[in-house]
Each structure stands twice: as structure tokens, then as C-alpha cells.
Amino acid sequence: MADDRESYSPNLIRMWRAFRTCKEMCKDRGYEMLEEDYQITLAEFAAKCGREDGDVDRSRMNFSCVPSEEMLRKYTAPPTAKNPDPQPEIGKIWVEFNGDENVGLKQLRDYMQHLVQGSYYNGVMVTTKPMTGMALRLLRGASGIKEGPMGGVEVFVEQELLVNITKHELVPTHVLLSKEEKEQLLKRYRLKETQLPRIQVTDPVAKYYGLRRGQVVKIIRHSETAGRYASYRWAI
Amino acid sequence: MPPKSILKKTTVVANQPPPATDDRPVNKKHLEVALHHANIIEQRKTAEREVLDSIITLLDFPESPDADPRRPSSSDALRFSQAVAPFQPADYDSLIEERNIAAKCGYALCPRPKRKAPSAARKQFVDTSHGVQIVDKKSLEVWCSDDCARRALYVKVQLNEEPAWLRQGSHGDKIELMVENSEEHHKALPLRLKEPADSKKPADREEEDVAAAWAAHDDALADLAIERGEKPGRLSKANKDLIQDKIRERVAATPPEPPSLPKDTIFQSHMAIEGHIPRSSKSKDENDDDDDGNDAQDWDKHMG
Chain A
1 MADDRESYSP
11 NLIRMWRAFR
21 TCKEMCKDRG
31 YEMLEEDYQI
41 TLAEFAAKCG
51 REDGDVDRSR
61 MNFSCVPSEE
71 MLRKYTAPPT
81 AKNPDPQPEI
91 GKIWVEFNGD
101 ENVGLKQLRD
111 YMQHLVQGSY
121 YNGVMVTTKP
131 MTGMALRLLR
141 GASGIKEGPM
151 GGVEVFVEQE
161 LLVNITKHEL
171 VPTHVLLSKE
181 EKEQLLKRYR
191 LKETQLPRIQ
201 VTDPVAKYYG
211 LRRGQVVKII
221 RHSETAGRYA
231 SYRWAI
Chain B
1 MPPKSILKKT
11 TVVANQPPPA
21 TDDRPVNKKH
31 LEVALHHANI
41 IEQRKTAERE
51 VLDSIITLLD
61 FPESPDADPR
71 RPSSSDALRF
81 SQAVAPFQPA
91 DYDSLIEERN
101 IAAKCGYALC
111 PRPKRKAPSA
121 ARKQFVDTSH
131 GVQIVDKKSL
141 EVWCSDDCAR
151 RALYVKVQLN
161 EEPAWLRQGS
171 HGDKIELMVE
181 NSEEHHKALP
191 LRLKEPADSK
201 KPADREEEDV
211 AAAWAAHDDA
221 LADLAIERGE
231 KPGRLSKANK
241 DLIQDKIRER
251 VAATPPEPPS
261 LPKDTIFQSH
271 MAIEGHIPRS
281 SKSKDENDDD
291 DDGNDAQDWD
301 KHMG
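For the record, the sequence lines run as chains A and B. For the first sequence, position 10 (counting from the first letter as 1) is numbered 10 according to the UniProt record's numbering, and the numbering increases by one without interruption. For the second sequence, position 259 (counting from the first letter as 1) is numbered 259 according to the UniProt record's numbering, and the numbering increases by one without interruption.
Derived EDC-like pairs (lysine to aspartate or glutamate); straight-line CA-CA distance at most 20 Å:
id, chain 1, residue 1, chain 2, residue 2
1, A, K129, B, D93
2, A, K167, A, D37
3, B, K138, A, E101
Since the hints were made in silico from the structure, they are not lab data.
Excised from the complex, chain A in its bound form (with noise of 0.2 Å):
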């Protein structure tokens, strides 16, 4: 393997390290995903995506998903009088890799145009570099606004993604509660969920699970004396 990865640039190997975050990331949060999508090796992902002069191109490297069953059943409300058949509040999802050495408003705007043409239900922008800070501004209040996706835009950074922190022994699994099961945690537990200990959303781990506010998540860590050890966070 060693003498394997000098045939390529340190450039595409990077990109290959991020694409496959990105891609176990879907997987992670529920949408469908094949095994030898998430686990490309770098031949193939170099045949795939790389240019002749070794580099990448990077819109070879984009992609849409689709929620798996399990999760659209996990992102719908449990039905009520007033809402008796609600709808499930997720969709596809379209990832991008932009290469422009500065991202400011411009390309976010043109971004959010292409996913509302495309009828996608949020994005996930991977830049080279930090946005602007205009470009973030517009993000934080992107998700009510009429000409972003519904489920608004993430933007990761490169760097962020060529580890996959999940992965490390120290992060414990984070798994994300359903409505009911959140109601059925509080009514258990007879808590308000401004009682649960809390999350930031824009925590690392929140941030990869694309977490939103007023989700619970559920966090199992190894116990010496218990074997396992459940707590809860409320994502604020």
C-alpha cells in the first residue's frame, strides 16, 4: 500500500480522504449507501476523479444521496389530530466539493439556486478554504429564508474531514432519537427537555451528524462497572 499511494499527489490523496468522510458521513446519518461506495480505495477513486496531470477534479467528486427507509421513519413527527399524516423532514441530500480558492456570497447563492432547482432537500458544501464571514452570516439565517433549501446548507471545511473523528477511540456513538422516541425519553424520565444536558449544534460531532435544534441524541459510552453507559443531549 505504502509504495502504492507515491504514484499519487499528496493533492489527491487529501480529496480522497475527504470524499470518503463525506461519503461515510451519509451513510452514518441514514441515507443509502453502498458498501463499495463508502469504502472506495484510492485506485479506484483516482480513476474516478483524478485529471491527467494527477489533480482532482472536483466536480467529478459530487453527489446526491437518498434517506434510507429507516430514516425517513425516524425524521417523521408520530402522527397527530391536527397532522394526521405528516411528512417525513428530510430528502435527498446534495454534496458538493467546490474548488475556488475564496467562497464568498456569490458561489453560497448560486449553490442554494442549484438546490432548490434540483429539488433537494439541504446541501453540504465542502470548501478548500473558510467561507466569508458575510457567506456564514447568510448561512446562520439561511434555513427560514425563502431561496435556501428547506433544510438549509452545511459547510465543512476540507481539513475537518480528512480524519473522520467518529472513528476515534475517545468519541463515544452518538445515535439520534426520533420524535417519539424523544417523547417516550422525557415521559420515562418525566423531564422537560430543557432539563437534558445539552449539545451545541455546532459541535464537531453534531456538526457530522447534521444535527438540529431540539434533537436529543442518545450517547453510549464504555463503563468500567456498568459495560455501557447511556446519557442524553439536547442539541441547542
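Given the coordinates of chain A, work out where chain B should sit on it, guided by the hints.
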């Protein structure tokens, strides 16, 4: 008297949820404090959104590709200075940054693309008055010319350091632009077009500007009318006759005379209290009282 237990009363059933706390009367003071802070945050959000919207509009500025940054049209200049007024210098910097990412000159009134550095190297040599300097490539590619840089920074130094949501009253003072046709911007509106609803398109750019300026003027007048409490379509309270365009000189024909009292009031002037002569001291033949009596009868007649 039995000894009082120091233990907690455990009559509350364990399975019963704690009593609902919602029916407690709201502490008015707490509510007011919470509302006050919520309003401040809301104000801040609107101010920030305003700045963001202004930046988005200024990204595609000016609309016409042949606009001249040295002589901007008055409507462009007005819109630019109004949009920039709530900015902080940092916001203005991000406007420049965003325009540069869109490959435009950093000055929002300039339609030209930004300058290209002579080579692709990250650091560049620049000849200045005090020798050769090494500068970042990025800082070379901000403006299309030094002239635009000067004009843009002329605006930046006028911006208020205080964020817009903390400013008292309106957005401070007006932003002044560095333009060569300043007389056009300060002058009154240009002459109104003869026929705004002309079938053919306005021949050139200036006519469009004039029309736009007058449209803005009309809008402002309409806003003012609403502020005065008028309803659209009604007669305006603002009387145009009050202001006349002809100035009439008052020419004195006769030599000035010292003021004098009318003849019949002279003998009563000692009775006057601040110019008014009380009725009791008036001569009896004045028939004010009779008038009042007649009026009453008239009123009776109408009723009958």
C-alpha cells in the same frame, strides 16, 4: 402541644408529576426585563440582516456596465450612500472582499473587473516612491485602479465604528462621496421629463436617471404625505401657494408717519387695560347688549 416534626411532609404521591407551574401569575418585572432584552436582540438581528441585504445588492452594483466611478449617476450615488450608511468599517471590508471574490473592483460604484497582478506569484514587487516594496498579491488585486481605491477608502473613513443597532436615532450623518460631478448631486432635481410615458425608450442614460430621480422624489413626497396623516387620493395639506416663486418688493410710496391712536379712543385710553377697554366704561350708546338679546330671539324663532 405535640412536638413539630422537622422532617419534610411526604404526603405528595411519588408518581404524581409536580404541580404545573404555568398558572402562577407572571412576575411583571421579570417579563419586562425579558422583553427588553429580547427586543434588543431582535433589533440587532434586523440591523445585521439589513447590512447583509445591502451587501448583496451592492455586489451587483452598478447596474449599467458603462457607469463611470468618477461621475456616478445621481440615483446610483444616492442608493450607494444610503446602503452604506448603516455599515461599520468591517462590514465595508467584507463588501470589498465579496466583490473581489466576484472578480469586481472593490469600489461599489465601479463596474470594471479588478486589476490582475503581473504574475501569479504570491508576493509581488511594487515600485513606490521610496524604493521597491514586496506586497501580497491579494492586496494588489483589490481595485481596478488607484483612483477607485482612493474613492472607496474615502467612503470607508466616514463610516461609524459603532454598530448600527447601538446607534442613537437615525444612521448618523450622511456619507459623502468623492465624485467629480458633485454639483449634480447637490443641486435640486433635474428638470422633469416632458412625457414620462413616452412610447419610445429613453434615448440615453441621463434621461433614465432623471426619470429615476423624479420617481424617487415622488415616492418621498408620498411618504411625507402619509407621515402628515393624509390619505392617498385626497387633497394635500401641503399648500403649494404658500411658496411663491415671484418676489414682490414692498416699496414705500409715502414718507413714514409716527403711529397715532384713532381719534375716538383717545379720551378712553386711560381706562384701557392692556389695550382693552372694559364694557362698564364704554359709552352707553354702543348696543352690544341689544345684539345679544336679538340673537337669543332669533334662536327661539328657529326652534319654533
